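A.B. asks: Take a look at the letters that make up each chain.
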Amino acid sequence: MPDPMKIRATTVGDTTEVKVLMSHEMETGQRKDAQGKTIPAWFIQNVLVTWNGKMVLAAQWGTAVAKNPFLSFKFKGGAKGDRINVTWIDNRAEKRSDEATIA
Amino acid sequence: MGTKPTRSVCGAALLGLIASVASGQSSTVDEIAKYRAALQDGNPAELWEARGEALWKDRRGPRQVALSQCDLGLGPGVVKGAYARLPAYFADADRVMDLETRLVWCMVTLQGYTDADAKKQPFGNGSERKSDIEALVAFVTAASRGVPMNVALDHPKAIEMYRVGEKIFYYRGGPHDFGCVTCHADDGKRIRLQDLPNLTTREGARAAYTAWPAYRVSQGELRTFQWRLYDCFRQQRFPELVFGSDASIALTLYLARNANGGIFDAPAIKR
Numbered sequence: 837m838p839d840p841m842k843i844r845a846t847t848v849g850d851t852t853e854v855k856v857l858m859s860h861e862m863e864t865g866q867r868k869d870a871q872g873k874t875i876p877a878w879f880i881q882n883v884l885v886t887w888n889g890k891m892v893l894a895a896q897w898g899t900a901v902a903k904n905p906f907l908s909f910k911f912k913g914g915a916k917g918d919r920i921n922v923t924w925i926d927n928r929a930e931k932r933s934d935e936a937t938i939a
Numbered sequence: 017m018g019t020k021p022t023r024s025v026c027g028a029a030l031l032g033l034i035a036s037v038a039s040g041q042s043s044t045v046d047e048i049a050k051y052r053a054a055l056q057d058g059n060p061a062e063l064w065e066a067r068g069e070a071l072w073k074d075r076r077g078p079r080q081v082a083l084s085q086c087d088l089g090l091g092p093g094v095v096k097g098a099y100a101r102l103p104a105y106f107a108d109a110d111r112v113m114d115l116e117t118r119l120v121w122c123m124v125t126l127q128g129y130t131d132a133d134a135k136k137q138p139f140g141n142g143s144e145r146k147s148d149i150e151a152l153v154a155f156v157t158a159a160s161r162g163v164p165m166n167v168a169l170d171h172p173k174a175i176e177m178y179r180v181g182e183k184i185f186y187y188r189g190g191p192h193d194f195g196c197v198t199c200h201a202d203d204g205k206r207i208r209l210q211d212l213p214n215l216t217t218r219e220g221a222r223a224a225y226t227a228w229p230a231y232r233v234s235q236g237e238l239r240t241f242q243w244r245l246y247d248c249f250r251q252q253r254f255p256e257l258v259f260g261s262d263a264s265i266a267l268t269l270y271l272a273r274n275a276n277g278g279i280f281d282a283p284a285i286k287r
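Protein chains in written order, with this note's numbering: chain S, 837 to 939; chain Z, 17 to 287.
In short, the hints are calculated from the structure, not lab data.
Mixed in with the good hints there might be a few duds.
[To be verified] To give an idea of the interface, some chain S residues facing chain Z are shown, with a C-beta separation under 7 Å as derived from the structure:
{"hint": "1", "residue": "842"}
{"hint": "2", "residue": "857"}
{"hint": "3", "residue": "859"}
{"hint": "4", "residue": "861"}
{"hint": "5", "residue": "896"}
{"hint": "6", "residue": "897"}
{"hint": "7", "residue": "903"}
Note that the structure is a prediction, hence the values are computed from the model and not measured.
C-beta atoms are modelled at their ideal positions from N, C-alpha and C, and glycine is treated no differently.
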């Protein structure tokens with residue numbers, strides 16, 4: 837089971853800002869280890885964020901995103917207590933889903 | 017009608033660019049500081065803090081006991097403000113300990129780990145070789161954020177360790193005849209684009225010591241003060257600084273005590 841994400845969401849006026857810190861190695865597949873062997877690519881490919889079940893962000897990532905990615909975005913809507921669910925799926929088909937409530 | 021405002025905006029932007037280039041190095045340093053402040057939001061160190069909290073509270077080790085009964089100097093289980101008082105003399109161990117050695121002590125005496133097992137991964141290396149100690153350090157130090165450094169020298173052994181740390185700081189050796197003083201005893205020194213703190217001044221010592229542990233972006237890991245000293249020894253081409261050794265505790269005590277009064281603000285984020 838991959839490490840949990842840290843999710844923070846706050847609503848100001850009619851806009852909700854969501855900040856997510858994900859734990860992931862994000863290997864590009866270009867690095868070599870101490871023995872000279874290429875370290876295989878291992879990175880988050882898809883990110884999906886839902887607000888009370890409704891999709892507010894769908895992202896397709898590549899190897900340009902750095903290790904332990906920090907994602908921050910805003911969407912119109914949301915109120916204190918609403919559920920924010922973040923799911924990521926990587927190229928090894930591993931996934932992680934975490935939920936938080938808007939503060 | 018649209019072109020006139022565009023020209024004056026371009027002119028103003030060009031003047032602004034020339035002005036910032038002219039003010040040279042100090043503005044570069046300021047911009048780096050601004051960039052770092054922006055990076056604090058979403059500091060991956062929080063992932064280590066969360067893992068450390070779980071390691072502190074879970075029953076682990078041969079005795080299946082939680083580390084949360086560990087006495088870090090303010091009583092069993094008291095984490096808030098504990099780091100600001102470390103390193104310190106501990107009567108139950110009859111020695112001066114820093115946070116890492118105290119955590120190892122608790123892992124051995126409370127949880128039943130062997131000393132070797134507790135110390136087998138002091139510094140993490142990727143998600144497959146995580147360091148429990150680094151996570152615990154992140155958790156414990158986060159509870160001292162905002163607390164002024166307050167290291168006491170209230171036992172003869174602590175005073176002795178401080179003097180040893182001071183001696184090590186000024187000792188020159190190794191193939192380059194380096195010492196801590198070579199890089200850290202003057203103002204305005206830097207290595208490439210890394211400014212070096214002058215640890216012989218109160219301001220320098222405070223600014224440097226209160227910013228560790230930190231998530232080192234270039235390492236992709238949260239690095240502790242034991243790691244920082246280990247890496248300094250490596251950079252000077254000294255023999256390897258053994259994790260949790262008396263030499264490492266002495267140097268840590270010397271620098272932490274010199275930082276007294278500085279507001280602790282870690283885990284931070286660094287290059």
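A.B. asks: Going through the numbered hints above, which ones does this structure break? Give me the numbers in ascending order.
C.D. replies: Numbers 5 and 6, in rising order.
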